[in-house]
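Protein chains: 4
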Amino acid sequence: MGYSLDDMLAKFRPMTAAGRVAGYIPELSKANPDNLGVAICHHDGRAETCGEAGFKFTMQSVSKPFALALALMDNGPESVFSRIGMEPTGDSFNSLMKLETFSSLKPVNPLVNAGAIATTALIKGHSPAVKYERLLRFIQDLAPGCHVGFNEQVYKSECLTGDRNRAIAYFLRDIKAIDGEAEECLDLYFRQCSIEVDCVTLAHLGRSLASMGVGRCSIPPAYARIIRTFMFTCGMYDASGEFAIKVGIPAKSGVSGAIMGVVPNRLGIGVYGPALDPKGNSVAGVALLQELSQLDAWPVL
Amino acid sequence: MGYSLDDMLAKFRPMTAAGRVAGYIPELSKANPDNLGVAICHHDGRAETCGEAGFKFTMQSVSKPFALALALMDNGPESVFSRIGMEPTGDSFNSLMKLETFSSLKPVNPLVNAGAIATTALIKGHSPAVKYERLLRFIQDLAPGCHVGFNEQVYKSECLTGDRNRAIAYFLRDIKAIDGEAEECLDLYFRQCSIEVDCVTLAHLGRSLASMGVGRCSIPPAYARIIRTFMFTCGMYDASGEFAIKVGIPAKSGVSGAIMGVVPNRLGIGVYGPALDPKGNSVAGVALLQELSQLDAWPVL
Amino acid sequence: MGYSLDDMLAKFRPMTAAGRVAGYIPELSKANPDNLGVAICHHDGRAETCGEAGFKFTMQSVSKPFALALALMDNGPESVFSRIGMEPTGDSFNSLMKLETFSSLKPVNPLVNAGAIATTALIKGHSPAVKYERLLRFIQDLAPGCHVGFNEQVYKSECLTGDRNRAIAYFLRDIKAIDGEAEECLDLYFRQCSIEVDCVTLAHLGRSLASMGVGRCSIPPAYARIIRTFMFTCGMYDASGEFAIKVGIPAKSGVSGAIMGVVPNRLGIGVYGPALDPKGNSVAGVALLQELSQLDAWPVL
Amino acid sequence: MGYSLDDMLAKFRPMTAAGRVAGYIPELSKANPDNLGVAICHHDGRAETCGEAGFKFTMQSVSKPFALALALMDNGPESVFSRIGMEPTGDSFNSLMKLETFSSLKPVNPLVNAGAIATTALIKGHSPAVKYERLLRFIQDLAPGCHVGFNEQVYKSECLTGDRNRAIAYFLRDIKAIDGEAEECLDLYFRQCSIEVDCVTLAHLGRSLASMGVGRCSIPPAYARIIRTFMFTCGMYDASGEFAIKVGIPAKSGVSGAIMGVVPNRLGIGVYGPALDPKGNSVAGVALLQELSQLDAWPVL
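Protein chains in written order, with my numbering: chain A, 130 to 430; chain B, 130 to 430; chain C, 130 to 430; chain D, 130 to 430.
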């Protein structure tokens, strides 16, 4: 490895000053914008960490790939993709426009909010509580020994302020893109966003998507490839294309400042930096990943 | 008057076969598509009726002008139009697109669903029940002695199937276009849509907007002109422009098959014909109004 | 009449400071933003003028109602409206969006640029020169004795800088909304925009649309009513709805600072004030018309 | 290799019956829908062919990656991406909507028509003829010894019927996304679309993008990676996301029925099958690539 994580962190931490902590949920706005942490989990399970790698934060949109994994394992790809599209979109992550102009009457892909809510609705279980338990356990099993908790305050914040997501969920009901109750589906969605992890957990979760089959309930390789592909084309909000050009690996970001990256067959990476750029991605995290990608020859495309 | 309402009705009733009864609410789909009724209320209070003029139906979108009247009387135009725009739109009545692309972050006008829900949210009252009572009483007072009831079945249907309107209401909350609880606001909106009238009531209500000041709580002439103007530019869904060209009077339609027309300073008119054209307007009702407008020289523009 | 034009002009001229002269064509940007002129032509032909009423300017979009009149007289309404829609739109005047999302594949109405170009394409003539001659003569005949010229510099400016209009014209060709050569059609469109008038001409032209049948080739009353209706619903760009509420008369504005108003059966009005508001309408002109409308009881709706 | 190209072709040729030859250009509509050809060029230069692999066709959109390569080599990535975005889009390839709603006033990516025209405008040369010569020579040098010609009839067809592309080019001029004359830029764009190749040429061109540096003017590896990434996220029109999931390699299609694929560090592939699916991709070609990808383990993501 031709780099030192410590040096990298020292180089990119000043960039956090250029970003802003997410303000749309009161709980998230309390984060310290200076924080920057990184963890790498190699194919052999060996982990490196640096900076605030043990700092806890909520998964937010980083939970979407795992809800998709469980939905695929519960229903199979054919059923999932009869309800949710596969196309990237240059629109904002919380846009409803494509729902209205798209002739196919389904959300464009599983990583924008509309598609993610429709994906979550496909997770099986006799009750909302069972569904959430299954998803939480699934994520815990993919990162054994790592911190996977639940942030009650963030969850309550999401419930109170999630009007745009409510609008999306009811729109999805209207076009019959989801079957169940909108509020039940939203509750599960807000819960999955509020699952709490740290960089080490994220790195292990990223490794679980790198197709090296670890953990009790590892994700089938064919599904892991589907998920990596969505992360590559749509994982970084409406900066996904730019990230694919500049960094060149499958990744998923969340408004908490989390980024989970996957280098296929090699490693998983977790970054935490709550100071965000205008598109909602960790400003220092993206820069750090760009440099790591070049130094360590990550892009496989 | 150079026409006979009986002859007109006989001429246009066969056109009902070209339309379809609204199917999106179970209760509405039970209407008899052959029905066609008309009532005219002249400036002196004299009324003419013909066909199924006494048949009862729910106001649906025809309630919007009266919610606007009450909101104007409660808040004044400046306050109302700081929250709701004045522009017509060629988009569908239940579109959310303008909410997302419009820079001003307010619904385009008070007669599309988004604007109508935001308008209803401005009606004053200490509780939802009080607000509804005020609106119902207001409408009753504008049409004294006429049937103004409430259709519980339709109301329940609206509540159960109103997912698109819920999506709109939560979107409005998200962009801060409404202040209160979305569900409370929707409940009042669904109630106002379920107010039950007949053609005679509609004709009297139309006359109340013709600026001849009748009833205990008549609408101030300046507000009546505002409402007539919105009816002229946006009253007939996305066929408003065509209706303005072909018929040339302020009018408002509802998916129950209702049309309320206003000939300023002369008369109000109520039409009921539940067989709708693809844009949601009574197919025979529009044709009948077009002929009446020509025969009786209605257009003043 | 309860007002003095001189007093009105003195009152509203300071508002010109709040506007900006159109910058998109070099020739237009040379206008003096302080200018404000008004002319009224009453039903009996009597004219009043005030301020820079004799100042010459190009018609720009004020030419659209007359291209529509000639297209209607050449083809009849059925043919015209098989190619061009009747619906107002909240989109910007030079938007292509509705062309792409509208299922009907025709421009939404004859007063947005897309519809106006398609309207101009319907004017008959063996050659582009003949078509232009017919339109110019038509306008001259509607305002006999008034200044109706041609501004060569503005025309050349339009040709050089009309890329958005070229985009629209080629889009119209692509969806088969116009038949002829795009460049020929654009040339006629740029020429009609460059016809030069003054406030007095505009007032006479407005009177010609008030359905009082003057001039050698007066507009048939049924067509004049169609045109007044479009002016009412779509004449003031994406402030048409607000103008209808606040002023309440059919009117058409142009980026030169021109506004032509029509009070049906009573009078025509011409205003010139090149300082524009952000939507492209004369800022002092609109305010002046709003006050005149109230003082002289113009709204008939 | 666990497959026989002959068997594959026999298996997938019947699928051509499910597609339709492109009709929008007269010349293209003359293609034989039954045709299906494939060529693979391995990293060592060894080529396999099968079916109508020697049949000639025009590159159409398959030319876009090479115009991008030359624009990158002429201007550097920073300059190119100051004018053209990097984001995929779920909109149709010839959509103008993003141009109007995108705040950044640049085309979303170099592979939709708007971005491709803006890319072509960045190719350097003292005259249009020189620019075209440079692009043609560039492509010839990337596939030495292969057929690289020019189809005059298709070029003339493109010029005559390219109204949508003209609309795009003038829109780009209007938002200052291109500097030169729209017609000159379009002429070069129509020429590049009319360059004639066969499957063997495409396979060699694909290999030139696989970063194995062959040919006199090979594409710098960093630029080849950029191009492969765009092909992966946006290469197959608005089915790019689905293709990435199902086939998993960078590819670019054209309405002539061409598909060029790249397996990084391994091979290039050329497919010709003029029977297209509704999104404009070769129906049998896509199916054949999906099976080849699975059998030969192509996906690297």
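Some hints could be false.
Note that identical chains are pooled: a pair holds if it fits in a single copy or bridges any two copies.
In the DSS-like style, the derived pairs of lysine-lysine whose C-alpha atoms are separated by at most 25 Å in a straight line are [to be verified]: (1) 285 <-> 140; (2) 375 <-> 159; (3) 285 <-> 305; (4) 305 <-> 408.
Because the hints were derived from the structure by calculation, they are not lab data.
Here is how each hint holds up against the structure:
no.: 1; hint: 285 <-> 140; verdict: neither (36 Å within a copy, 56 Å between copies)
no.: 2; hint: 375 <-> 159; verdict: neither (30 Å within a copy, 42 Å between copies)
no.: 3; hint: 285 <-> 305; verdict: between (27 Å within a copy, 20 Å between copies)
no.: 4; hint: 305 <-> 408; verdict: between (30 Å within a copy, 21 Å between copies)
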